[in-house]
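Asker: Given next are the chains, with one letter for each unit.
2 protein chains.
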Amino acid sequence: MRETGIVIVGGGFGGLAAAKALDRAGVPYLLVDARNHHLFQPLLYQVATGYLEAPAIAHPLRPLLGRGRFLLARVEGVDLKGRRLLLEGGEALPYTHLILATGSRPHDLGVPGVGRHAFFLKGLEDAQRIRQRLLLALEGAARGERPLRLLVVGGGPTGVELAGALAEFLRYALRRDFPEVGGAEVLLLEAGERLLPSFRPALSAYAKRALEGMGVRVVLGAQVVGVEEGGARLREGAFLPADLVLWAVGVRGNPLPGLPTDPRGRVPTDPFLRLPGHPEVYAVGDVNGLGLPGLAPVALQQGRLAAENLLRALRGQEPIPFRYRDRGQLAVIGRNKAVAEIGGLAFTGFPAWALWAFVHIRELIGFRNRLLVLLNWGYTYLFREPGVRVLLGEGLPRPGLS
Amino acid sequence: MRETGIVIVGGGFGGLAAAKALDRAGVPYLLVDARNHHLFQPLLYQVATGYLEAPAIAHPLRPLLGRGRFLLARVEGVDLKGRRLLLEGGEALPYTHLILATGSRPHDLGVPGVGRHAFFLKGLEDAQRIRQRLLLALEGAARGERPLRLLVVGGGPTGVELAGALAEFLRYALRRDFPEVGGAEVLLLEAGERLLPSFRPALSAYAKRALEGMGVRVVLGAQVVGVEEGGARLREGAFLPADLVLWAVGVRGNPLPGLPTDPRGRVPTDPFLRLPGHPEVYAVGDVNGLGLPGLAPVALQQGRLAAENLLRALRGQEPIPFRYRDRGQLAVIGRNKAVAEIGGLAFTGFPAWALWAFVHIRELIGFRNRLLVLLNWGYTYLFREPGVRVLLGEGLPRPGLS
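Taken in sequence, the protein lines are chains A and B. Residues in the first sequence are numbered consecutively from 1, following UniProt numbering. Residues in the second sequence are numbered consecutively from 1, following UniProt numbering.
Note that these hints are calculated values from the structure, not bench results. Hints are supplied without guarantee of correctness; some may be wrong.
[Claimed, not checked] Derived DEER-like restraints, expressed as beta-carbon distance ranges: (1) B:Gly215 / A:Arg323: 29 to 39 Å; (2) B:Arg74 / A:Arg176: 16 to 26 Å; (3) A:Ile361 / B:Arg362: 55 to 65 Å.
[Said to hold, decoys possible] Chain B residues, not near chain A, derived (Cβ > 10 Å throughout): (4) Asn36; (5) Arg69; (6) Asp177; (7) Gly221; (8) Gly258; (9) Glu341; (10) Ala357; (11) Val390.
Computed from a predicted model, the values in this text were never measured in an experiment. Cβ atoms here follow ideal geometry from the backbone N, Cα and C, with glycine treated the same way.
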C-alpha cells in the first residue's frame, strides 16, 4: 500500500499540464501511466510515414516530474466510494484527490471489419505498425510489379495530414527505391461534404485542391460501411481494393471502468472539471465530457485548471470555471502547404506551413527532441527524402486496435 | 520464375561490398535479404543501451544498390545441384552465380537456459528488446525500492562495450530518473584469464581497470554453466541473481540448409572463397570457413574479392586468393575510454576513443545516419544523457533467440 495523496492518471497533454501546475505549487503527487513516456501526438502521422523516428516525439515522463513520483502501471478501474484506483495485478492505490487524464482511443463507429482490417493512429506502436505495413506493401507490389493503393478514411486533420504525407512518401519511394512498383494511389474518403469541417469552407477547398495537386484522390460524400481483407466497401455498394486501410475517423473517450460516462465514452463534469458528487475527482482533456474538441490546447488548459482548482480546494477557496481560450487551428497538408486560422485571420500555403512548423517545434517537449525533429525536417526539406524506411522485425504487423 | 543470374544472399558488410563491386563493373545482380536494411552492427550495443535510435544505424538496402535489384524474402535453403535458392513460401530462385553472405547468429555454446532466459545482441529487434527490458527492470526496481543487477556474459569487445555502456546508462538513470532504485550493479563475467583476448595483455588490463573505475564488477575465470529465470549459475556452483542476463559470447555461422559446414556452422571454401566442387558459389564474411575473425573488415574485403573473382571467372581469368589486410582493432569502453591497436602501435584513453568515434562515423552508411549519430553523440557527450529512454508497447519483451 502506498501513501495516499494526489494521483494523476495519464501523462498526455492534460495529465502533464496538471503535474506541472502542482510542481509549481510545490505539492507532491503521483502520476500513473501504462507507458513511460509523454507522446506528442500531433506529429504521430510523421512516424507512421517515415519522416520521424518514434523516440523523437516521445519524452520519458520521469525526468519531467518535479515534485511528483511516477508509477508505471495499468489502471483497471476506479472505486469512487473507496477512493482508490485498481491496478492491474490486484493492487489498490488509494487517493485523496484524483485527476483523470486518460485521453481517447480509436473507435470503429460500429462499422464492421474496422477493428480487424484497418490500421489506427494512436500510440507509437500504431505508427510503427503502419510504417512497417506500408514498407511491406511496397515490397509486395514490387515483387508482383503491380500498383499500390492506400485508403485513408476520414477527412479531418489526421486524415488530411496522413494522406498528404503518404503521397509525398510514395512519390519519393517509387522514384528512388521501388521503380518496379507500377504506380501508387492514395485515396482520401470523407463522408461529409468537405475536408477539414472544423475550418472555414475556403480552407477546406484549398486543402482539397492541394491534396489533388499532390496526386491524392479525394472522394467526398463517401461513407465506408465495411472494411474487409483487401479493401473497403462504400454505402453505394462499391468495393475499393486497397493494400492498406487507415482509419482516421472516430475517437471516443478512454474512461476507467467504474466511472459514469456519456455515449461517447467521456466523463461528465461540472464547469470546474469535477465529477458530480465527487468533487475530489477531476477529468481533463479528451476524456472530459464538457464537449470541447479533442485538441491538445483544450487538454493543456483543462489539466492546468484542474490542478489549480484542486489546490484552491485544499486552501478552502472557491473553484474557477473552465473557459477555453481558442488560439486557432492549424493543419498541414504537405511541403509548404498548410491551412491556418488564427484569431480572425485565415491563411494557407507557405506562411501557414511555416507557422505550423514553428508551433510544433516550440510545443515539443525537450531540447533533444526539438533538435531531432528540426534536423529531420531540415533533411527532408532539402532532400525530399523520408529518412526512416527501415523495416524492424520480419513479421507482418497485424492491423486493428492495439 | 525470375530471370537467372548473379544472386547475393544477405545485405550485411560482405553482401553489400560484393554488390558495390558488381555495381562498379556495371554487372546486374539480385540481392536477397529477409530484412530491408543494412545494419551497422558495431554500434548495435548503443541502441540496446539507449544512446541511439534504431534507424540511425540501419540503412534501407534498395537505394544502396546501383545496377542491382532487391528482393525481400527469406531464403530457406540452397539446391546446389539445381543451382537454385529455395524461398519461404515455396518459390525457387535460379542462379548462375551465388554469393553467400548470410553472416552469423548467436549461439548458446550448449549452456542450458541461455536460449530461454538470456538476451542476445544481433538484430535491431534484439537491441530494442534489451532496451525495453532494461527500462522495465528499472521500473520494477523503482517500484520495489530495491537494487538492480545486470549480468553481461563474455569479455570480448561486445561484452566490454555493453558493460561499459550499461554502467554509464545506469549512472545517469539512477541519478536523474530513478532515485527510488537502491543502487545498480553491472557484472561482467569472462571465462578466460583476461578481457579482450584478441588484444595485447596491456590493453586487456587497461580495459579491466577502466571498467572497474566505472563501477563494473569484472570477474575473470567465471564460467557460466546455466542461465535460469532470475540469474546465472557458475561452474563453482554459485548462483548470481540478476534482473537481466546478456549473452555476449558465442556466435556461429548462419549457413543456408543444403550447404556443407564445419562444426561452427561456417561454409568451407578454397582460398578464392569458392565452395569446393561449386566454383559458382562464393561464401564471404562470418559464414566463410577460412577461420578469420568475425569482423566487419574481413567481411568487406571478402565480399569485394568474391565479386572480383566472379567477374574474373566471367572473363575467363584466374581467381585471386584471399589475403586479409589487418588494419588493427578498436574497442570502446566508455566516455573517453577505449583501446586501439593500429599497425604496431597500441594506445588507450582519449586518443583511442576519438579514433574509434571517427572510424565509426566514417564507416556508417549514409549522410543522414552519420548526422544522426554525430548529433546523438554530441548530445550525450555534452549532457551525459542517454537520449532514448522511451518504452515502446506495453508487454514485457521475451528473452532468447529471435
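Asker: For every hint, state whether the structure bears it out.
Answerer: Here is what the structure says about each hint:
Taking the beta carbon of each, B:Gly215 and A:Arg323 are about 53 Å apart, not inside 29 to 39 Å as hinted. At about 25 Å, the beta-carbon gap between B:Arg74 and A:Arg176 stays in the expected band of 16 to 26 Å. Between A:Ile361 and B:Arg362 the beta carbons are some 31 Å apart, a value that contradicts the proposed interval 55 to 65 Å. Non-interface status of B:Asn36 relative to chain A is broken: a Cβ of that chain comes within 10 Å, the nearest being about 4 Å off.
Under the 10 Å C-beta cut-off, the non-interface status given to B:Arg69 relative to chain A is violated; the minimum distance is some 8 Å. Its closest Cβ contact with chain A, about 4 Å, brings B:Asp177 to no more than 10 Å, contrary to its assignment away from the interface. Every CB of chain A is more than 10 Å from the CB of B:Gly221 (nearest about 38 Å), matching its label as outside the interface. Non-interface status of B:Gly258 relative to chain A is upheld: no Cβ of that chain comes within 10 Å, the nearest being about 21 Å off.
At roughly 33 Å, the least C-beta separation between B:Glu341 and chain A is larger than 10 Å, which holds for a residue marked as non-interface. Distance to chain A confirms B:Ala357 as a non-interface residue, since its nearest Cβ pair spans about 19 Å, more than 10 Å. With a closest Cβ-Cβ approach of about 4 Å to chain A, B:Val390 is found to fall inside the 10 Å limit, against its non-interface label.
Of the numbered hints listed earlier, those contradicted by the structure are 1, 3, 4, 5, 6, 11.
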